[in-house]
Amino acid sequence: MKSLRTGVLLVSPLLLVLAAAFVVPLLLLVPTSFQEYRPGAGIATDSWTFANYARIFTDEFYREVVLRTIGLGTAVTASCLVLGYPVAYLIVRGDPRWRLPLTLLVIFPLMLNLVVRSFGWIVLLTNRGVVNNLLIDLGLIERPLRLMFNMTGLMIGLTHIYLPFMVLMLVAALQNVPRDVEAAASTLGSSRFHVFRAVTLPLTAPGIIAGSILVFVLTISALVTPRMLGGPTYQVMATLIYDEYMQLLDWPSGSALSFALAISTIFIIWLSSRMTRRWAGLA
Amino acid sequence: MKSQSLLAAATAIAGVIAAPHAATAQELVLGSFGGSFADNVTACYIEPFQEATGATVITKLGSSAQHAASVRATAGQSDMDVVFADDAFAVQMANEGLLVPLDRSKLSNAPEIIDGAWGTNDAYVAAMLGATTIIYNKDTVTTPPTSWNDLFDPKYEGRVTIGDISGTTGWQFLAAVNQMEGGTLDDITPGVEKIKPLAQSSVLLYSQADQVVALFERGEIDIAVWYPDRAGVAAKNGLPLAAAYPVEGAVGIRPTIAIAKGTSQEDLAHKFIDTILDADNQKCFSERQFIGPVNKNVTLSDEVSAIVPTGEALEKMLFLDPNDMAARLPEWTRRWQREVLR
Numbered sequence: 001m002k003s004l005r006t007g008v009l010l011v012s013p014l015l016l017v018l019a020a021a022f023v024v025p026l027l028l029l030v031p032t033s034f035q036e037y038r039p040g041a042g043i044a045t046d047s048w049t050f051a052n053y054a055r056i057f058t059d060e061f062y063r064e065v066v067l068r069t070i071g072l073g074t075a076v077t078a079s080c081l082v083l084g085y086p087v088a089y090l091i092v093r094g095d096p097r098w099r100l101p102l103t104l105l106v107i108f109p110l111m112l113n114l115v116v117r118s119f120g121w122i123v124l125l126t127n128r129g130v131v132n133n134l135l136i137d138l139g140l141i142e143r144p145l146r147l148m149f150n151m152t153g154l155m156i157g158l159t160h161i162y163l164p165f166m167v168l169m170l171v172a173a174l175q176n177v178p179r180d181v182e183a184a185a186s187t188l189g190s191s192r193f194h195v196f197r198a199v200t201l202p203l204t205a206p207g208i209i210a211g212s213i214l215v216f217v218l219t220i221s222a223l224v225t226p227r228m229l230g231g232p233t234y235q236v237m238a239t240l241i242y243d244e245y246m247q248l249l250d251w252p253s254g255s256a257l258s259f260a261l262a263i264s265t266i267f268i269i270w271l272s273s274r275m276t277r278r279w280a281g282l283a
Numbered sequence: 001m002k003s004q005s006l007l008a009a010a011t012a013i014a015g016v017i018a019a020p021h022a023a024t025a026q027e028l029v030l031g032s033f034g035g036s037f038a039d040n041v042t043a044c045y046i047e048p049f050q051e052a053t054g055a056t057v058i059t060k061l062g063s064s065a066q067h068a069a070s071v072r073a074t075a076g077q078s079d080m081d082v083v084f085a086d087d088a089f090a091v092q093m094a095n096e097g098l099l100v101p102l103d104r105s106k107l108s109n110a111p112e113i114i115d116g117a118w119g120t121n122d123a124y125v126a127a128m129l130g131a132t133t134i135i136y137n138k139d140t141v142t143t144p145p146t147s148w149n150d151l152f153d154p155k156y157e158g159r160v161t162i163g164d165i166s167g168t169t170g171w172q173f174l175a176a177v178n179q180m181e182g183g184t185l186d187d188i189t190p191g192v193e194k195i196k197p198l199a200q201s202s203v204l205l206y207s208q209a210d211q212v213v214a215l216f217e218r219g220e221i222d223i224a225v226w227y228p229d230r231a232g233v234a235a236k237n238g239l240p241l242a243a244a245y246p247v248e249g250a251v252g253i254r255p256t257i258a259i260a261k262g263t264s265q266e267d268l269a270h271k272f273i274d275t276i277l278d279a280d281n282q283k284c285f286s287e288r289q290f291i292g293p294v295n296k297n298v299t300l301s302d303e304v305s306a307i308v309p310t311g312e313a314l315e316k317m318l319f320l321d322p323n324d325m326a327a328r329l330p331e332w333t334r335r336w337q338r339e340v341l342r
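Chains A and B, in that order, are what the protein sequence lines are.
Here the first sequence is numbered in our numbering, starting from 1 and rising by one per residue.
Here the second sequence is numbered in our numbering, starting from 1 and rising by one per residue.
For the record, the hints were derived by calculation from the structure and aren't laboratory data.
It should be emphasised that the depicted structure is a prediction, and the values quoted were computed from it without experimental measurement.
Errors might be hidden in some of the hints.
Which bits of chain A does chain B cover? Going by a derived footprint, with three or more residues having C-beta under 8 Å, they are [what the hints assert, rightly or not]:
id: 1; stretch: 40 to 47
id: 2; stretch: 225 to 233
id: 3; stretch: 238 to 246
Which chain B residues stay away from chain A? Per the calculated CB distances, all over 10 Å, these [stated by the list, open to error]:
id: 4; residue: A38
id: 5; residue: E96
id: 6; residue: A117
id: 7; residue: D122
id: 8; residue: T143
id: 9; residue: F152
id: 10; residue: I165
id: 11; residue: S166
id: 12; residue: V203
id: 13; residue: E220
id: 14; residue: N237
id: 15; residue: T299
id: 16; residue: G311
id: 17; residue: E315
id: 18; residue: F319
id: 19; residue: E331
Calculated from the model, a selection of chain B residues having no Cβ within reach of chain A, i.e. all distances over 10 Å [as the list claims (entries may be wrong)]:
id: 20; residue: Q92
id: 21; residue: G158
id: 22; residue: D280
For glycine and all other residues, C-beta sits at the position ideal for the given N, C-alpha and C.
The following block holds chain B by itself, in its conformation from the complex:
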């Protein structure tokens, strides 16, 4: 008798503990990038979303490549529901059948999004527009750089940093210099030859975007190939940084958001993406992260417009086909490892 009542009590307690869980099982796992990006995603997207739906969002930090690798490793039953990744990696995941195509009818903000943002068959949507361009220290560089060639100027020797090819700025800078030197996507030899001495004399080839902040802070560099959004955030925190858009054109970055296959939360994931595409939230994120919005109805403040590519700089911007790049990057990386790094 006694053991039976004990069992009943235990069941009752278990029931009480389990019940609220069943009600709030709404949990969304987001693969995000780290640093200021993650903080601003929380402030502008996650908080409004949690308020509106009552669901909780858990973030998992990593780079595009790391997210793509982990989505593949758990193929079809990803531990992430929605994931941020640069477009070349989003294409790679889509080609491998690891993404759930977006359903525009579930995205109320879809009509407000620029056309170029959508992936093939709506496999993903760009969540923002970034760039790879030249960032310099206003205090030490008096005449703003105007061309990618300025980075090769002997007066900056040993005061430059560029990204390793494992990061977005790395391969995009290679693509831009290659184009400037008359190469094509099929033949990157001119770009490789040109960059090699710069890579070897540069202070370091950074592999994480935030390493550059420390280099500017310690005064180790005057000029860098970097992201205007990270520079904008650093400038807001007191570093004397400015963005320069080269005449040859900066390179466009489209960080995308997509739904990983195997999620049990497709509807919730769509709601989260809809939150990201919302004009107010896009404005909030652009203002904090200094990055271009994809919603047509967003107007930016002057402070942000000064850093974000607009007008002529935007028109000249080089946008590389992500499908093409996904197929070329391994080969580029191999050449980089063998010819630039040695």
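Excised from the complex, chain A in its bound form:
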């Protein structure tokens, strides 16, 4: 009992900060999300409606944006995992001399501002950008490829930006896998691939779960990169919420969308961590 009380006392400053800076403002938005917005006149504070939530499910456009956002989150997470795992493996299991330079290479992009990194991709991917100009000069294509304002551009940009998070999580997980276990499996006649699949991979599951959740959540809530690489034409939920608030001044719809995003995020995280835990034999 005493240790519980000490524990509560120890985290209470953090709880207070979280409550004041995060929970309270969020709760203040709850009533707004149930109010009606009258264009030109403002938010009708005396109204009470479910229409803002109903629209997310009935309106085809909203539905498309929600599905697109979740699809983008999943795709970016998958590509970060596929690209990040070999790098993490190389950092932990590779030549120790390479460890520092590789780690620095992974971390370095994090030191650059997000806007700068997104702008870099614009320079590369735009119609008359480096990539298109090169392809045209080489005679491979005649008209510039559309690399921006669509899924391609967002996938490239977001994968690049969130890859370091995934790698760092995987490095931590791989370092926790004792080499003896792998060695034991090999001694018992397992092939290298089988050792990796049956021993290393499941043992790094906590890192995979943590990294995937981190990348997924960051991707579906990203605003700056989708704004810059997706433009007004390719909307995801974060940019849609921004538009509802800042362009349409329709705060009720924006709030309803925000809550829908938050709830679906929590649900997907819960579901995926359950599934992965079962696969890794942790449940």
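With chain A's structure known, arrange chain B on it following the hints.
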């Protein structure tokens, strides 16, 4: 004893530091637009104002929509004292009771301002007259365009940019094309149908006016729906741009200035607005920004008159009722997102 004298000394020092502050507490926060607009506001309005009053002006940059959103977020105690916003957004703020009505008796230049500039109950005043029209590259487009229809000409396919509806040119172009195609403000279907293929083949739907400068610079486009004032500034900086006013009429823009509710500086804010309405300052701004003045006593140079809508172009110009537009824009935006962008 020692601690007491220390305290006294500290109080004295604090007093010295605080005293000049109390004297120059005259600080005005202005919500302005970015780019060349902000530079010219500083040169033509802020500097004369600071010289005359000794007050300092701090600017906060953003678009009309962003300013309106932040004025609402801090309802009644805005962190901005005066704010620039396009008229539809000024009306929206006025309707929500977020503006302090202007007191003409405190504005010595008020009698010189054209009638159309004032909002209902003097909630705001237009500070300048801009337009949404066709801007083209003189080097690549030999025959100047004469109609909105020229933008749809196949020879420009993939060499055009238009604005997204989140910007002024976006919804104004939609209104103009809709009118040309026989639609009404209640029924924008003809406009939406007509623009859809153009929007999809256009190089990009710009959301910030200055993106167009880069497109012209890189030679990605020949023709754009854009602002003559931005084009004028870009032309002065060496780009071969010219403005064409379509026979159907360009669309008028009235960027307004208003006082946000909750300001503790009402008098100072009025003085600043008076500075903006002054004929000399208006001329300075119009000449630098290539935008129409609202003060009747301003005469412009030939260079600026060539870009700013005058005479017939001005008479034909379509002015949309901001009150009406404030109520319609969300619906237009929703249709745009659902039908034009997909």
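Each hint, compared with the structure:
1. 40 to 47: holds (count 3)
2. 225 to 233: This one holds; 3 residues, not fewer than the three required, reach chain B with a Cβ under 8 Å.
3. 238 to 246: holds (count 3)
4. A38: Label holds. Min Cβ-Cβ 19 Å, cutoff 10 Å.
5. E96: Not fine: 4 Å to the nearest Cβ puts B/E96 too close to chain A.
6. A117: holds, 21 Å
7. D122: Fine: 19 Å to the nearest Cβ keeps B/D122 off the interface.
8. T143: holds, 25 Å
9. F152: B/F152 is indeed farther than 10 Å from all Cβ atoms of chain A, at 19 Å.
10. I165: violated, 8 Å
11. S166: Check fails; 5 Å does not lie beyond 10 Å.
12. V203: violated, 6 Å
13. E220: It is violated; B/E220 is separated from chain A by about 5 Å at its closest Cβ, not greater than 10 Å.
14. N237: holds, 20 Å
15. T299: Nearest chain A Cβ is 37 Å from B/T299, so the label holds.
16. G311: holds, 34 Å
17. E315: holds, 29 Å
18. F319: holds, 18 Å
19. E331: violated, 7 Å
20. Q92: violated, 6 Å
21. G158: Incorrect as stated: the minimum Cβ-Cβ distance to chain A is 8 Å, not above 10 Å.
22. D280: holds, 36 Å
When the structure is compared with the earlier hints, violations turn up for hints 5, 10, 11, 12, 13, 19, 20, 21 and for no others.
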